[in-house]
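Protein chains: 2
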Amino acid sequence: MSHKKLKIAVDMDEVIADPLIKFIQLYNRDYNVPLDLIIAPGNEIHHHVPEHANMKWFEYINEKGFFRDLPVISGSQEVLKALNEKYEVYIVSAAMEFRNSLEDKFDWLNEHFPFIAWTNIMFCGEKIVKTDIMIDDRIKNFADFEGRKLLFSSPHNQLITQHERVNNWQEVAVKLL
Amino acid sequence: MSHKKLKIAVDMDEVIADPLIKFIQLYNRDYNVPLDLIIAPGNEIHHHVPEHANMKWFEYINEKGFFRDLPVISGSQEVLKALNEKYEVYIVSAAMEFRNSLEDKFDWLNEHFPFIAWTNIMFCGEKIVKTDIMIDDRIKNFADFEGRKLLFSSPHNQLITQHERVNNWQEVAVKLL
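Residue numbers (this note's numbering), protein chains in the order written: chain A, 23 to 199; chain B, 23 to 199.
These aren't lab readings, by the way, just hints derived from the structure by calculation.
Just to be clear, a hint being listed does not mean it is correct.
Note that the list lumps identical chains together, so a pair holds whenever it fits in one copy or between two copies.
Computed cross-link-like contacts, DSS-like style, restricted to lysine-lysine with a CA-CA straight-line distance of at most 27 Å [what the hints assert, rightly or not]:
1) Lys171 x Lys78
2) Lys26 x Lys152
3) Lys27 x Lys152
4) Lys27 x Lys78
5) Lys171 x Lys26
6) Lys103 x Lys26
7) Lys26 x Lys197
8) Lys86 x Lys152
9) Lys197 x Lys44
10) Lys108 x Lys86
11) Lys86 x Lys171
12) Lys29 x Lys152
13) Lys171 x Lys152
14) Lys171 x Lys27
15) Lys162 x Lys29
16) Lys44 x Lys108
17) Lys162 x Lys27
18) Lys29 x Lys86
19) Lys152 x Lys78
20) Lys103 x Lys152
21) Lys29 x Lys103
22) Lys27 x Lys44
23) Lys162 x Lys78
Using the sequences and the hints, build the whole thing.
As C-alpha cells, this is what we get:
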C-alpha cells in the first residue's frame with residue numbers, strides 16, 4: 023500500500039468554482055447591489071444585500087443553470103492538473119443540497135477539468151470521505167476528517183485562525199507539489 | 023465519540039433498486055428475450071442476450087428515465103427505516119458513471135426513501151467513504167474499505183465465497199437490528 027498515491031479531496035464552490043461573482047451579478051440585476059461589492063471578512067454574501075432580499079441567494083442557487091457557467095477560480099486548472107499527476111485527486115462537492123445543481127456541476131467539471139475522471143467525482147451531503155488531504159473553504163467539512171486539512175481562503179472564513187490556510191492555488195502548489 | 027451512531031453506506035442498484043427487471047423488459051421489447059429470464063449464478067444480464075445486443079445495456083442505462091421508475095427491492099424500505107433509527111444511514115451510489123442517472127436517482131430516493139436526508143446521499147465513482155459498515159453487491163467497492171462488508175446477493179456475485187453475505191433485507195435486519 024505504501025507506494026500508492028496519496029488522495030486529495032477538493033471542494034468545488036469557492037475553491038475551484040466562483041459562485042460569489044454570479045451572486046453579485048444577480049443581486050445587482052434585482053437589487054442594484056454594486057458589482058464591485060467587497061464581502062467583509064467573516065461575512066456571507068447575504069450580509070451585504072437589502073434585508074428583504076437576504077434569502078434570495080437560495081432561490082438563485084436552486085435555479086437550473088446557476089452552476090453551469092460559474093467562473094473558474096484562478097490557478098485551479100493548472101495546479102489541479104499537476105496535482106493529478108502526483109496524487110489521486112477527487113472532486114467532492116456538497117451538491118446534494120441542490121437537486122438542480124447535479125447535472126450543471128457534472129457538465130461544468132467535464133468542461134473545465136476534463137482530466138478528472140468520473141470515478142473521481144463525488145456529489146454528497148456530509149463529506150464522509152477517506153482521503154489523506156482535504157482542500158475546502160468550510161470548516162464544517164473538516165469536523166470528522168482525520169487527514170490534513172487545508173482551509174482555502176474565502177471572505178466568510180477570513181476570521182478563522184485554527185486551520186492551515188491556503189490563500190490561492192499558487193500556495194496549494196507550494197505546499198503540495 | 024463512542025456514543026455516536028455507527029455509519030452504514032448502502033448501495034443502490036441491485037441492493038435497494040432493481041435495474042435487472044427493467045433490463046429484461048427492455049431486452050424483451052427489442053430482442054424477445056423472455057420476461058421470466060433467470061440470470062445464471064456468476065453471470066451479468068448481458069451474458070443472456072443475443073451477442074449482437076450484449077452492449078445494449080449501456081445504451082439503456084444512459085437514457086434519461088432509466089433509473090426513475092426502477093422497482094424497489096423487497097424489504098429495503100422497512101429495514102432501512104428501522105436501521106436509520108439506530109445507525110447513521112448513507113446511500114452511496116456509483117451514479118457518476120451515468121450523467122443522466124443523477125436527477126433520476128435523486129428523485130427516486132426522495133420518492134421511495136423520503137426519510138434519507140440530502141446530507142446522507144452520495145453519488146460517486148470510487149467509493150472512498152469512511153463508514154463502519156458497507157452493504158454492496160459489487161466486491162470492487164470493498165477493495166479499499168476498512169469496515170464491515172456485507173455482500174448483498176445478486177446473480178452476478180453468487181459464486182463469490184470470501185465475504186459475509188446477506189441474501190435479502192430480512193437477513194440484514196437479523197444481523198444489524
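Notebook entry, point to check: Which of the listed hints are not met by the structure?
Noted result: 1, 4, 8, 9, 10, 11, 16, 18, 19 and 22
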